[in-house]
Amino acid sequence: MIFKRTVQRYGRTPEPETPYQSAGQVWDERIGSARVQARNWRLMAFGCLALTGGLSSGLVWQSSQSRVTPYIVEVDRLGEARAVTKAEAGYHPTDPQITWHLSRFISNVRGRSLDPVLVRQDWLEAYDFTTKRGSQFLGVYARAADPFADIGERTVSVQVTSVVRASDRSFQVKWTETAYERGTEAGTSRWTAILTIVIKPPS
0 MIFKRTVQRY GRTPEPETPY QSAGQVWDER IGSARVQARN WRLMAFGCLA
50 LTGGLSSGLV WQSSQSRVTP YIVEVDRLGE ARAVTKAEAG YHPTDPQITW
100 HLSRFISNVR GRSLDPVLVR QDWLEAYDFT TKRGSQFLGV YARAADPFAD
150 IGERTVSVQV TSVVRASDRS FQVKWTETAY ERGTEAGTSR WTAILTIVIK
200 PPS
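Residue numbers (numbering that gives the first Met the number 0): 0 to 202.
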């Protein structure tokens, strides 16, 4: 008969668990959980801060963009609107469109009505279509011509007869002026001018 000898294994004897150790372990678990939660909250705070910064930058960029949409109004020889379209980048008006505005400018400056309110409106419209240098010249001419001098007694009718391109930036305008004094025709004269244009895109 063979007898097997019992093999005894000797290992580290676990230390006895005391109430102090149990309390320490519970405390460590609570502190560790609090630290993990604090770390998660910090990460979330940084994420919200980054999101807020991105949204703020986007709002600032959007507010800086122009929301004005310019339109081009095509008119006929009588000034009636024919077509209205959005202005495209690099748009260049056609010669007929420039011709109409030049004719209107000559009529505003050289013509004279019986109504001082209409005369003032015509001159203000003419100033709207001049550059800074042109406005200075127009002011000198207005002081010399004095369009309000004979209001109610003398009128001038302007008939533009020809507008042709003289160069890339100028047009030759020819017109006829008929003067009336107290309702009676006082005379007719013919005029010619070279007008230089500047195309300024809307801002």
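These are calculated hints, taken from the structure and not from any lab test. Think of the CB as a built atom: it goes at the ideal place given N, C-alpha and C, for glycine as much as any other residue. It is possible that some hints are incorrect.
DSBU-like cross-link-like pairs, simulated, lysine-lysine; straight-line CA separation at most 30 Å [as the list claims (entries may be wrong)]: (1) K131 x K199; (2) K131 x K173; (3) K173 x K199; (4) K199 x K85; (5) K85 x K131.
Distance windows between CB atoms, simulated [stated by the list, open to error]: (6) P95 x V116: 41 to 49 Å; (7) T84 x N39: 43 to 51 Å; (8) R132 x A178: 45 to 53 Å; (9) T93 x Y179: 31 to 39 Å; (10) K199 x A44: 47 to 55 Å; (11) H91 x M43: 39 to 47 Å; (12) Y179 x P92: 42 to 50 Å; (13) E79 x S56: 16 to 24 Å; (14) S56 x L137: 42 to 50 Å.
Original post:
Should the hint that R132 and A178 are 45 to 53 Å apart at their CB atoms be regarded as holding?
Top reply: For A178 against R132, whose Cβ atoms are near 30 Å apart, the range 45 to 53 Å is violated.
Original post:
P95 and V116, beta-carbon distance inside 41 to 49 Å?
Top reply: violated, 30 Å
Subject >> Restraint check for K85 with K131, where alpha carbons must lie at most 30 Å apart >> reply: Holds: K85 and K131 sit about 27 Å apart, inside 30 Å.
Subject >> Cβ separation of Y179 and P92, checked against the hinted range 42 to 50 Å >> reply: violated, 34 Å
**OP:** Hint says 39 to 47 Å; check whether the CB-CB distance for H91 and M43 agrees.
**Re:** The hint (39 to 47 Å, Cβ to Cβ) is violated, given that H91 and M43 are roughly 56 Å apart.
**OP:** Take a quick look at whether K199 and K85 sit within 30 Å of each other, Cα to Cα.
**Re:** holds, 16 Å
Subject >> Restraint status (C-alpha distance of K131 to K199 at most 30 Å) >> reply: holds, 12 Å
Original post:
Given a hinted range of 16 to 24 Å, is it respected by the beta-carbon distance of E79 and S56?
Top reply: violated, 47 Å
**OP:** Determine whether the Cβ-Cβ distance between T93 and Y179 falls within the hinted range of 31 to 39 Å.
**Re:** holds, 35 Å
Original post:
Lying within 47 to 55 Å: is that true of the beta-carbon distance K199 to A44?
Top reply: holds, 51 Å
Original post:
Are K173 and K199 close enough, with their CA atoms no more than 30 Å apart?
Top reply: holds, 25 Å
**OP:** Take a look at whether the Cβ-Cβ distance between T84 and N39 falls inside 43 to 51 Å.
**Re:** 57 Å Cβ-Cβ, so the 43 to 51 Å window is violated.
The structure fails hints 6, 7, 8, 11, 12, 13 (numbered hints given earlier, in ascending order).
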